[in-house]
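Going down the list, the sequences are from chains E and X. Just so we're aligned, residue 1 is where the first sequence starts under our numbering, counting upward by one. Just so we're aligned, residue 1 is where the second sequence starts under our numbering, counting upward by one.
Be aware that one or more of the hints could be misleading.
Said to hold, decoys possible - No farther apart than 27 angstroms at their CA atoms in a straight line, the calculated lysine-lysine pairs in the DSS-like style are these:
#1 E/K313 / X/K64
#2 X/K272 / E/K313
#3 X/K121 / E/K181
#4 X/K109 / E/K207
#5 E/K256 / X/K109
#6 E/K181 / X/K109
#7 X/K121 / E/K313
#8 X/K120 / E/K96
#9 X/K272 / E/K207
#10 X/K72 / X/K59
#11 X/K185 / X/K64
#12 E/K181 / X/K120
Hints in this document: simulated from the structure, not taken from any laboratory. This one's a predicted model, so the numbers in the text were calculated from it and none came from an experiment.
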Amino acid sequence: MIILADILGSTILFGVPLLLVALGGMFAERSGIINLALEGIMITGALFGCLFLRNANLVGWGEVHPQLAMLVAILLAGFVGALFSILLSIAAINLKANQTISGTALNQFAPAFAVVFSWAIQGRGQTTINIPSWIRITTANFGFAPSANPGFWETFIFKSFYLTTPVALILFIASYVILYKTRLGLRLRACGEHPQAAASVGVNVYKMRYIGTTISGFLGGIGGLAFTIAAGSSFQSTVAGYGFLALAVMIFGNWKPVSIFFAANFFAFFKVISSYSSNIPFLPKFENIKSSSYIYQCIPYVVTMLVLIFTSKRSQAPLAEGQPYDKGQR
Amino acid sequence: MEENIIEMRHITKVFPGLVANDDVTIQLRRGEIHALLGENGAGKSTLMNVLFGLYTPEKGEIRKNGKTVVIKDPNDATALGIGMVHQHFQLVHNFTVLQNIILGAETVKGGFLQLAQARKKVADLSEKYGLKVNLDALIDDITVGMQQRVEILKMLYRDNEVLIFDEPTAMLTPQEINELMQIMKDLVAEGKSILFISHKLNEIMAVADRCTVLRKGKCIGTVNTAETTKEELSEMMVGRKVEFVVAKEDANPTDTVLEIKDLSVAGRRSTKKSVHDVSFKVHKGEIVCIAGIDGNGQSELVYALTGIMPAESGEIIFKDRDITKETIRNRNLDGIAHIPEDRHEYGLVLDYTLAENLVLKKYFMKDFQNRGFIDFPAVRKYADRLIEKYDIRSSQGALSVARSMSGGNQQKAIVAREIDYDPDLLIAVQPTRGMDVGAIEYIHRQIVKERDEGKAILLISLELDEVMNLSDRILVMFEGGIVGELDPKQTTVQELGLYMSGAKRNDMREAE
């Protein structure tokens, strides 16, 4: 039972970044911009979030106000992600560049920038940014001491509980409300399907696409920090292809927030299964293969491919995604 | 109050290499339906786009209620109460009817949509003007006629008083056209003023109070429809007399070219078959027309004949050979030519030049090949010959990009390519869709000429006039089956209409 609690807890931990980044991709694509730069956005968001946490730790302030520091780190990661995404907006919306190439360029830029920047800030050839351990939310935050022998619920909730999880939940609900219940959402979706129709009733397509991509950058940046926290205790200028995995989640989730929520947790579950493979007694060990753990580590990616093969046929991508909008063209 | 609600005075709009509107003046009176008539490329749409703020004119002014106004973009036009139904509907396919109507003019409270309020207003409008729509249906799921009602409701929802209809009947069935005419009359009765762009003379005579004719960007004149005739209008529009009924001899059918036996085709969206158990023959030297309301399986039948979609069962026998499973290219090489329904999707590669499009079915032949490379000088020569022979007009001749050409000339290019192929069977699907009388006359003549040369013609048309004028034999399709065979000389439009709507049918299974 404890192992199950552990797996489910970790699923949520890894599901959070996938959910956030996939929702980010959704906002961009629903407005008509393919955001392939999510990987790069995650890296830049994580870079600044982690740098802030490191500095808060160095001056000692963070340890005193851990969750406040964490909240600032989250907001900073989102802000930087949004800022970084504006580069994509300029290329894709103003300059009408090819969105795939612009996104790829930003993905190439981000990790290189992160390495140089971490080194420059930390000095002494140090490219790894260590994340302080005080960011984890413990039982102490709720006023009771950890049990000597934690049960199902305690393991499930507190084994790896960070502020990013409740924040993600709030952002998920907000995403749904914005997309379906507000004027902004209605106009944004119209721009992703038929920008000419939106323009003919006075909607500013450029503005909507900027908003979509910027929300995308905000969520992507937070997702990057959430991933880094989930993946280990340090930031090493990479998010291990999670930006692309999130795009797969978005497609699997059919560009709809609720479906994306389930898709994100589905993929996270396989990711966790792969990393826990050695601890799960009933999984075969492939005795004759030297490192059978690699086989399990492939699982999330293999599942991604299989799922996309079987679901992409009935997927309903926004019709105008990837097409630069030109006022003059009719 | 001013008599003219809108006055466009001395409008000149120049595009590179083309004067689209040359000193055009038009006055729209309050409460009238004013038609704007002209051939393709005469500048009708340009003029309306100037009024709607999509183009800025070089010269001239626009007055509303006698006051000069400046219209820079559609928002300005909307603020002045000017609305437009575009030729291609501006609707978001996966939004509901209600969402489409309110888009851009939403009622909100703190950014949140207040749908109940909007729903009530739209329902009231739809009641008042008899515009029946299902507010919660997706655009994807409703008919073209209903989509048009949604577009009209969009204008009414914004309290527009000047309504522009840009070729509103191009996509509609005859019944829907009649409904639209009635709606337009109701709208002016309620005090709206309508500008109606069209090149269909029957509609203009039926519904408009006055008509302004444009030709090559110039205003030819404004006439009261009550005091004019179709013939006079068409002469004003084209600049010469036009024959409405194409002169043709009686058909002289000989050998069977195409025989279809119990053909069924699967549905594109639903599991219901779109064509079921259809059998008929087409002979050399006759024009067989398949009539029917759009969406009764005609498109799928043609897809199966040309190889775009597979047949589910049955046989297609062409020149005594079963071609049911043959590839598209082999069918072409065998002698089937196809003027497709949708010229943009199946007719042309829009970003290729006219020359490349003209040689699209021949580029791989020896004449156009030079050691595995395309022989462009030969292609160019061939294209120039067709352009000359079929009078295809474009800005840069053979090197024009197909996308930049007018719809009528795009269609001429397709007709030229298909007829010059010297086919045994010509399948022409709505060959004159969206074209003006001059071009229609031309294409009808070409089709009759092909017949007289002993070709078999299978014509699919939604236009009753075309069906009655051109065909030697009419087959009526309804819900995927053939429900009647009629002789155009012995039937009436009314009887044809009864078959098309399914009210009348013969059992065609046994008939040949």
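Practice item. Please write out, lowest number first, the hints stated earlier that are contradicted by the structure. Key: Violated hints (numbers, rising): 1, 7, 8, 9; every other hint is consistent with the structure.
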